[in-house]
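Residue strings, one per chain:
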Amino acid sequence: MTALDAYFYDGKTSNRHPAYLHLQSSGELVVNWCDTEIRHSLESVKFSSRLGNTRRLVYFLDGSQCEIADNDALDAFLAQHQPQASALAHKLESKVIYAGAALIITAVAVWATIAYGVPALARSVAFALPANTERALGDRVMKTLDGFLFFPSKLPELRQKELKAKFAQMVVNTKPGAGYVLELRESKKIGANALALPSGIVVMTDEMVQLAKHDEELVAVLAHELGHLEYRHGLRHALQSSGVALVIAAVVGDIASTSAIAAALPTVLLEAKYSRAFEIEADKYALQYLKTNNIPLKRFADILSRMQDKHSDNDSTGFLSSHPATKERIQAFLNDRSTGSNAN
Amino acid sequence: MEQDLSPPTKTLPFQFTGNAVEYFKIWIVNICLSIITLGIYSAWAKVRTKRYFYSNTLLDNTSFEYTGNPVAIVKGRLIAVAFLGASSLAQRLYPEIAFVFTVILLIAFPWLLVRTMRFNARNSSYRNLRFNFTGTAIGAAKVYIGIALLVGLTVGLLFPFFMQRTKKFIAENSAYGTTTFDFAALVKSFYAIYLKVFAAIALLGIVGSVIFFQLSHSAMKTGAAIGLLVWIPVVLVFVVLISPYLRTSLQNLVWNNISIAGNRMQSSLTFGRVAWISISNIFAVILSVGLLAPWAKIRWTRYRIQNLSLISNVALDNFVAAELQQVSAMGEEIVDMFDFDIAL
Ligand SMILES: [Zn+2]
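Chains as they are written, first to last, in my numbering: chain D, 392 to 735; chain Y, 858 to 1201.
The shape of chain D in the complex, shown without the other chains (with noise of 0.2 angstroms):
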């Protein structure tokens, strides 16, 4: 038989000695090294299993070693006398195949979870927290934003509570301590825009304002800002970019590494996927409002046209957010016929 090249250790001191081992035909492994010849019942053996080309220890029962780096060696021997049970991982690991679909499995699975696992989730938490988590967040928001995109409204006094008064009467029916409110401001950079911020206040613009031609145009604009408000989009959108973050590293390495922070960049381009998903949503729910309240669907539809003419060339962060779906945004609006009565 065959000898094998080892390294001897005999579990006491730090001492290495050359060895080599045999297996005899009766299964006895005979290791030699020095002078000395010791001979193991092969069932009393343990061999460490494969793990790439790393060195294998051969584990006697009084506690000694050999270490041996002829991967290929060894395990041509042992085919020949034990059968490997636990060579399963190794052979995963080993072979281009496995790898292959191991990643294309991951990657589903990865992208499953992004996808769908986190927002899900994200939205039962989000539901969960109570109504003033966000507040803060919003409230350092508005101010940041007054010194810079915002500035007071310069409508007369009465249009400006008219629409507060409207607005009042729309979140009527919203659950209590919610505590929404409306505010205009004026805003060149912006244009014509609303937004909702995570503290309940909705902010529309005097551009917004002018742009509109019937005031349900505005109701409606402002019934899509609530649905933000009301599915809470803010907070949601918070957790599933954490969310996503934790994924990520959880997958890629040790959440403290670089590595996994570096990984989990690339998310921002999930950003759009996740807001047009809100802006969908939000859709919904000024649909219902409207329809709720006998307002024709098409107020939404015009007033959505309207801006986009407007904004053809401007990519802000508010209520045209998801540029390329806003044909279908206002298609969705002009076909609901689930209600034919009230849209004349």
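FYI, nobody ran anything at the bench for these hints, they're computed from the structure. This one's a predicted model, so the numbers in the text were calculated from it and none came from an experiment. Mixed in with the good hints, there may be bad ones.
Claimed, not checked - Residues from chain D shown here face chain Y by an in silico Cβ test under 7 angstroms; the list is partial: (1) K403; (2) N406; (3) R407; (4) L442; (5) T445; (6) R446; (7) L483; (8) E484; (9) A493; (10) L494; (11) I496; (12) T497; (13) A498.
To be verified - A partial selection of chain Y residues facing chain D, derived with a Cβ cut-off under 10 angstroms: (14) S891; (15) I892; (16) I897; (17) W901; (18) R905; (19) Y909; (20) Y911; (21) S912; (22) N913; (23) S982; (24) Y983; (25) L986; (26) F990; (27) E1029; (28) V1146; (29) A1178.
Positions of the beta carbon are idealized from the N, C-alpha and C atoms, including for glycine.
Following the hints, position chain Y with the ligand against chain D.
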């Protein structure tokens, strides 16, 4: 006179034999199996990963060995999950007693830390001789809670001192067989490193705020745009200069001051290489959506290990096994029962 008779010193370099393609397959199969088994396999995956890196690290042509038992890791995680579950349940049902869990955690923290270090040390071996960790929970509490509190009280002034004490605690309580390690790095060397870092961060902060102030008063851009304009370069400087500097100098300082039985460690990382490897790793991982994370890990580990050597003036043959390896199976079992790895 006897000193002169000691054998001439010999430099034994550490070698790293892992390769990226091999590790990629192990990594992706590990992730995939962890997903399929809903996380249970991740304990086995962790052990295989550690084994891969230990076994590919050679000193004087003998590999290191990791012998951690995945079941112990599962046990540690179950305890952690049970504790978290109990504490969050208490938070909901009996908020007035929830603080008890915080107190328990604070008291248990040094003990858990020591247990984990011990688990890792005792499951690492070289030449069939285990490492050991003999630090006590009280010793850990003094450093990780006592000095950490002082750091807080002095607004960070004692942070370098804290870092020195943690490294000292770990090194001086670690042993190879029965021989403990010595740690000679002085507090002032840590201060020298951190003073440079603090100065750089302060400078960065000042320059950043000055530019921010200037830009925001020219009122050309919106707040978000200015923020990006200023803070992206600041983060880049941190990633390109400060973080690699800290990595290089701390690693060299700690390793160059560790010795065992007159054998000294030597680490010769250079700032340029560390900076290049960490930056290119970050970009590679981002651009490959995480797929190059195994390559990045192998590359960094190889550089780190290949620049480590042992300056030895005695043969490595005479280290002796610790008593605990001869204790009865009963003793082993009791120790095992309380040994677990809390690191997730
Ligand atoms: Zn919207």
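Hints and how they fare:
no.: 1; hint: K403; result: 5 angstroms, holds
no.: 2; hint: N406; result: 5 angstroms, holds
no.: 3; hint: R407; result: 6 angstroms, holds
no.: 4; hint: L442; result: 6 angstroms, holds
no.: 5; hint: T445; result: 3 angstroms, holds
no.: 6; hint: R446; result: 5 angstroms, holds
no.: 7; hint: L483; result: 5 angstroms, holds
no.: 8; hint: E484; result: 5 angstroms, holds
no.: 9; hint: A493; result: 4 angstroms, holds
no.: 10; hint: L494; result: 5 angstroms, holds
no.: 11; hint: I496; result: 5 angstroms, holds
no.: 12; hint: T497; result: 5 angstroms, holds
no.: 13; hint: A498; result: 9 angstroms, violated
no.: 14; hint: S891; result: 9 angstroms, holds
no.: 15; hint: I892; result: 5 angstroms, holds
no.: 16; hint: I897; result: 14 angstroms, violated
no.: 17; hint: W901; result: 8 angstroms, holds
no.: 18; hint: R905; result: 6 angstroms, holds
no.: 19; hint: Y909; result: 6 angstroms, holds
no.: 20; hint: Y911; result: 8 angstroms, holds
no.: 21; hint: S912; result: 3 angstroms, holds
no.: 22; hint: N913; result: 6 angstroms, holds
no.: 23; hint: S982; result: 9 angstroms, holds
no.: 24; hint: Y983; result: 7 angstroms, holds
no.: 25; hint: L986; result: 5 angstroms, holds
no.: 26; hint: F990; result: 18 angstroms, violated
no.: 27; hint: E1029; result: 20 angstroms, violated
no.: 28; hint: V1146; result: 5 angstroms, holds
no.: 29; hint: A1178; result: 5 angstroms, holds
Of the hints listed earlier, those the structure fails to meet are numbers 13, 16, 26 and 27, in rising order.
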